[in-house]
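In order, the protein sequences belong to chains D and Z.
Note that our numbering numbers the first sequence so that position 102 is 102, with each residue one more than the last.
Note that our numbering numbers the second sequence so that position 245 is 245, with each residue one more than the last.
Honestly, the hints are just simulated from the structure, not real lab data.
If a hint is listed, it holds; no wrong ones were tucked in.
If you only want the chain D side, here are some residues facing chain Z, beta carbon under 10 Å, derived:
id	residue
1	VAL38
2	GLU133
3	VAL191
Computed spacing ranges between beta-carbons, pair by pair:
id	chain 1	residue 1	chain 2	residue 2	range
4	D	ASN55	Z	ALA32	40 to 46 Å
5	D	ALA73	Z	GLU199	49 to 55 Å
6	D	LYS56	Z	ALA44	31 to 37 Å
7	Z	GLU199	D	GLY193	47 to 53 Å
8	D	MET169	Z	GLU199	35 to 41 Å
9	Z	ALA19	D	ASP132	25 to 31 Å
10	D	PRO174	Z	GLY198	40 to 46 Å
Glycine included, C-beta positions come from ideal geometry on N, C-alpha and C.
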Amino acid sequence: MLGGMTETLDTDRESAETRRPGVAVDAAQLRAWFMHEVVPLEPALTQYLQHNWRNKADIADLRQEVYVRVFEAARAGLPERPKQFVFATARNLLIDRVRREQIVPIEAAADLDALEIAKDLPGPDRNAIARDELRKLQSALDHLPPRCREAIVLQKVEGFSIREIAERMGVAEPTVKTHLADGMRALANMVYGSTDRQGKP
Amino acid sequence: MSDTREHSALPPYTMDIEAVAAEWIAARSDTASWNDAESAKLEAWLAESATHEVAYLRLLSLWNSADRLAVLRRPMRSEFSAPVSARKGPFLRVAAVILAILAVGSTAYFYSHTPTERAYATRVGGSETIMLADGSRIELNTNTVLRTRITPAQRWVALVQGEAFFQIRHDAAHPFVVETNGHRITDLGTKFLVRNQGERVEVALMEGRAQFDFSDRRTQAHPTVLVPGDVAVATASAISVTRKTTQALSNELAWRRGVLIFDRTSLADVANEVNRYSGKKLVIADPEAARLTIGGTFPTRNVRTIAEAAQDFYGLHFEDHGDEIVISR
Numbered sequence: 001m002l003g004g005m006t007e008t009l010d011t012d013r014e015s016a017e018t019r020r021p022g023v024a025v026d027a028a029q030l031r032a033w034f035m036h037e038v039v040p041l042e043p044a045l046t047q048y049l050q051h052n053w054r055n056k057a058d059i060a061d062l063r064q065e066v067y068v069r070v071f072e073a074a075r076a077g078l079p080e081r082p083k084q085f086v087f088a089t090a091r092n093l094l095i096d097r098v099r100r101e102q103i104v105p106i107e108a109a110a111d112l113d114a115l116e117i118a119k120d121l122p123g124p125d126r127n128a129i130a131r132d133e134l135r136k137l138q139s140a141l142d143h144l145p146p147r148c149r150e151a152i153v154l155q156k157v158e159g160f161s162i163r164e165i166a167e168r169m170g171v172a173e174p175t176v177k178t179h180l181a182d183g184m185r186a187l188a189n190m191v192y193g194s195t196d197r198q199g200k201p
Numbered sequence: 001m002s003d004t005r006e007h008s009a010l011p012p013y014t015m016d017i018e019a020v021a022a023e024w025i026a027a028r029s030d031t032a033s034w035n036d037a038e039s040a041k042l043e044a045w046l047a048e049s050a051t052h053e054v055a056y057l058r059l060l061s062l063w064n065s066a067d068r069l070a071v072l073r074r075p076m077r078s079e080f081s082a083p084v085s086a087r088k089g090p091f092l093r094v095a096a097v098i099l100a101i102l103a104v105g106s107t108a109y110f111y112s113h114t115p116t117e118r119a120y121a122t123r124v125g126g127s128e129t130i131m132l133a134d135g136s137r138i139e140l141n142t143n144t145v146l147r148t149r150i151t152p153a154q155r156w157v158a159l160v161q162g163e164a165f166f167q168i169r170h171d172a173a174h175p176f177v178v179e180t181n182g183h184r185i186t187d188l189g190t191k192f193l194v195r196n197q198g199e200r201v202e203v204a205l206m207e208g209r210a211q212f213d214f215s216d217r218r219t220q221a222h223p224t225v226l227v228p229g230d231v232a233v234a235t236a237s238a239i240s241v242t243r244k245t246t247q248a249l250s251n252e253l254a255w256r257r258g259v260l261i262f263d264r265t266s267l268a269d270v271a272n273e274v275n276r277y278s279g280k281k282l283v284i285a286d287p288e289a290a291r292l293t294i295g296g297t298f299p300t301r302n303v304r305t306i307a308e309a310a311q312d313f314y315g316l317h318f319e320d321h322g323d324e325i326v327i328s329r
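Hey, can you work out the whole structure from these sequences and the hints?
Now the structure itself:
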């Protein structure tokens, strides 16, 4: 079984190497690419990881590991097809983990092949994505703890400065930043569709 | 508690990094206290490991998207009365005359009052670089009129309208003076940006040192000495100086590369800014929409990309009427 998987691994690595030729990518370009092309894939990536990994407690950790691998690889040249690249990386990571841990979750092995079918689906148009994200943000906002929600609404909706928010909420400025930071993490986990509750204060 | 990882979804390591990344982004959102030193510390933290970087970019991406929550703002303040439209400055007539001359064909022209005095102009959307004999360099932005008078005693420039970036070769024996709208900048070896907006004058200093005061000697005000990072805003009677980060200053110079960089800028301000460069004007028909902010890098010559960004980001609608693009909700 492992032998079969090693083969998959090798061919997959090859397909993942289809990047734009050229020299190293500059830092600003790499960051912009990561934010615009990779992060929006997170709901699908999380779903994929959840589907193929038994221990749900590992999901966030695996996701971060996929991000690190994708980011490091993209330094040498931005992948031409980010979606394929991200999912190939995720798949390789799962295979590496399986080999390292000497366990083979049946469902993981089964679904690694199913991935091929999903990845070429055309994406919805940009307006639809924008509206969807706005809707998700609004509903996520309603699920934040009240103080986090208040701080974020005052900053993002009303456009107040940190000092003004501190005055209105009757707290110190560092406290406002803590509420914003906590709320930000919780929003990220809700909007990007991770089902676990980490980051929620 | 046989296995803590069963209870805490993130391993402590990943969770800590996420928490630190969130703190950085919250700190950065405090424009009053964020500065170059903080920015350098953040960059150092990001450079430590790709794990830091991806955690940061993931949250930053979310945080930038959250800007669009501004559409939830209730219509409440009455300070907004009229829709934003193309600005009509007092120099419009001057500009029209000059543009008529420009119709001959060149993007800049000059004529001589005396052998040492010259005038330069750029049309809307144009730019021009002037190299002076002493090696100093002046870059004219869109819709700008500038006069130079170089004599053995003094180097003198008047920014009649518009905006220009100066890179001046210092010469103690021949001070370089820029006059604009009653204000005077005396260079002490420097790079600076001057923008004449009619009712106010803005001077941003990138390098070196410059003295800023009123050119009218009857106004008894102490000269202000500007250091790098200083942005002086002057009206007819007062000068106030604030500081900007290196990043914010370099964004102000993005027009030299043919782009405009906005960072949480209201659509009203974005329209005012981009309309300086374009014959086709951006009009924000809805006062609430005018208060929404956007960020990003846009070409100076294509206002439509901004309308498209507003549509993508906030779901706003726009109509292209040829000579103007009207954005509404």
